[in-house]
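Here is what each chain is made of, one letter per residue.
Number of protein chains: 2
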Amino acid sequence: MTASTRKLPTARDKLIDAAMSVIRAKGYAATSVDELCAAAGVTKGAFFHHFPSKDSLAVAATGHWSEMSEAMFGAAAYQRLDDPLDRILGYLDLRRAMLRGPVAEFTCLAGTMVQEVYGTHPEIRRACGASIGGHAAGLQRDIALAMKRHRIRASWTADSLALHTQVVLQGAFILAKAKGETAVAEASVDHLRRYIELLFRRPAKAAKRKS
Amino acid sequence: MTASTRKLPTARDKLIDAAMSVIRAKGYAATSVDELCAAAGVTKGAFFHHFPSKDSLAVAATGHWSEMSEAMFGAAAYQRLDDPLDRILGYLDLRRAMLRGPVAEFTCLAGTMVQEVYGTHPEIRRACGASIGGHAAGLQRDIALAMKRHRIRASWTADSLALHTQVVLQGAFILAKAKGETAVAEASVDHLRRYIELLFRRPAKAAKRKS
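If you read the sequences in order, they're chains A and B.
For the first sequence, this note's numbering gives the first residue as 551, with consecutive numbering after it.
For the second sequence, this note's numbering gives the first residue as 551, with consecutive numbering after it.
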């Protein structure tokens with residue numbers, strides 16, 4: 551995916567694309583401005599024309615990351631399902647299906663950066679928090695609707711379950727990196743799906759036929 | 551906790567302690583050898599006497615991290631509980647109780663490092679994978695025993711559930727960093743505990759009295 555698919559990408563677009571891919575491959579601190587320029591195919595002058603610093607590119611890339619993610623999940627087929635519980639499970643099935651290919655291509659820019667910069671770069675931390683929190687907010691709405699529709703009275707909230715889905719995905723990326731394989735991440739998404747089915751008392755078999 | 555509590559710490563011990571705390575606070579790539587020496591109160595000469603590189607210190611620190619973790623959880627009160635399911639829930643209760651104070655003090659050295667270096671530093675990645683995997687193996691044994699004792703026939707394995715607990719903890723650290731608070735991490739450990747209670751068909755109320 552590129553920063554802009556409708557018009558010719560500008561130097562700014564190319565730098566944002568480069569940031570999303572290089573930072574996910576080697577982390578934020580290890581990525582230099584020179585490397586970002588080389589990956590984007592732009593000059594250092596062009597870099598500093600668009601961004602005062604590497605930090606400001608990181609913040610812009612996180613904002614773009616959120617927009618891309620919103621567009622992608624917003625257009626996904628599961629969004630057309632009538633039952634909000636089916637949409638939540640459909641979301642998880644899509645997340646599981648996305649665990650393919652090189653790790654740097656399915657992991658999260660925000661989660662990768664915040665892991666190392668949370669204490670040293672408050673602006674990047676805020677951008678990452680907003681990105682992950684904004685994504686969870688979309689799920690929270692469907693979880694709240696599903697609780698109402700399926701008459702679930704619970705000691706947990708829609709908000710905490712939405713955040714828990716992001717916890718599992720972020721943790722699954724780390725275990726995939728540590729083990730050098732994606733099966734562990736897929737298995738964790740399966741555990742999360744099973745948990746949500748249990749919370750909503752949906753028989754696992756019916757759910758299996760669906761997925 | 552220090553690298554050695556029984557004898558006077560050596561320069562090597564001090565460097566390992568410094569690595570565990572500085573890397574968890576600011577990430578691996580952002581941590582310089584100079585900073586590690588300053589935090590340890592040792593000379594650069596002493597550093598290179600003990601470690602050929604920052605990478606080799608990171609590998610040694612990860613090994614020490616695993617030993618510390620094994621000693622701490624091995625000595626925990628929950629290990630004396632008779633029912634392996636109680637030991638698993640006791641482990642989660644302890645992990646939840648540990649989510650206190652500054653983020654850098656309760657997060658995981660291995661998870662922090664592997665997030666950024668997985669593709670660039672294969673030796674560190676292997677050490678982190680061994681650390682997380684070794685910790686999960688201890689839980690796997692108790693989960694397997696609990697499945698037998700509670701006659702659980704399941705589509706999931708003890709191994710995948712043990713790894714899932716580590717996924718949730720690693721992800722909880724990331725959300726705590728992103729949101730700048732620990733409540734989100736505590737809520738995720740609660741979700742994980744509820745999931746395990748549901749899998750083992752343990753009434754949540756009985757479990758609540760216990761915790």
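For the record, the hints were derived by calculation from the structure and aren't laboratory data.
Keep in mind that a hint or two might mislead.
Since copy identity is lost for identical chains, a pair holds within one copy or between any two.
Stated by the list, open to error - Quick list of in silico lysine-lysine cross-link-like pairs, DSS-like style, CA-CA up to 30 Å:
(1) Lys729 - Lys698
(2) Lys576 - Lys729
(3) Lys557 - Lys594
(4) Lys729 - Lys557
(5) Lys576 - Lys698
(6) Lys594 - Lys576
(7) Lys576 - Lys557
(8) Lys604 - Lys557
(9) Lys557 - Lys698
Here is how each hint holds up against the structure:
1. For the identical chains of this complex, Lys729 and Lys698 are inter-copy neighbours only, at 27 Å across copies versus 39 Å inside a copy, given an alpha-carbon limit of 30 Å.
2. Proximity of Lys576 to Lys729 under the C-alpha cut-off of 30 Å is found in both arrangements, the shortest distances being 16 Å within a copy and 23 Å between copies.
3. Within a single copy, Lys557 and Lys594 get their C-alpha atoms as close as 23 Å, which meets the 30 Å cut-off; across copies the closest is 53 Å, which misses it.
4. For the homomeric pair Lys729 and Lys557, neither the shortest alpha-carbon distance inside one copy (40 Å) nor that between copies (35 Å) is at most 30 Å.
5. When the C-alpha separation of Lys576 and Lys698 is checked against a cutoff of 30 Å, the pair qualifies neither within a copy, at 43 Å, nor between copies, at 43 Å.
6. When the C-alpha separation of Lys594 and Lys576 is checked against a cutoff of 30 Å, the pair qualifies both within a copy, at 20 Å, and between copies, at 26 Å.
7. For a Cα distance limit of 30 Å, the shortest separation of Lys576 from Lys557 inside one copy, 29 Å, qualifies, whereas the shortest one across copies, 38 Å, does not.
8. Within a single copy, Lys604 and Lys557 get their C-alpha atoms as close as 25 Å, which meets the 30 Å cut-off; across copies the closest is 45 Å, which misses it.
9. Neither within a single protomer nor between protomers do Lys557 and Lys698 lie at most 30 Å apart by alpha-carbon distance, with minima of 43 Å and 60 Å respectively.
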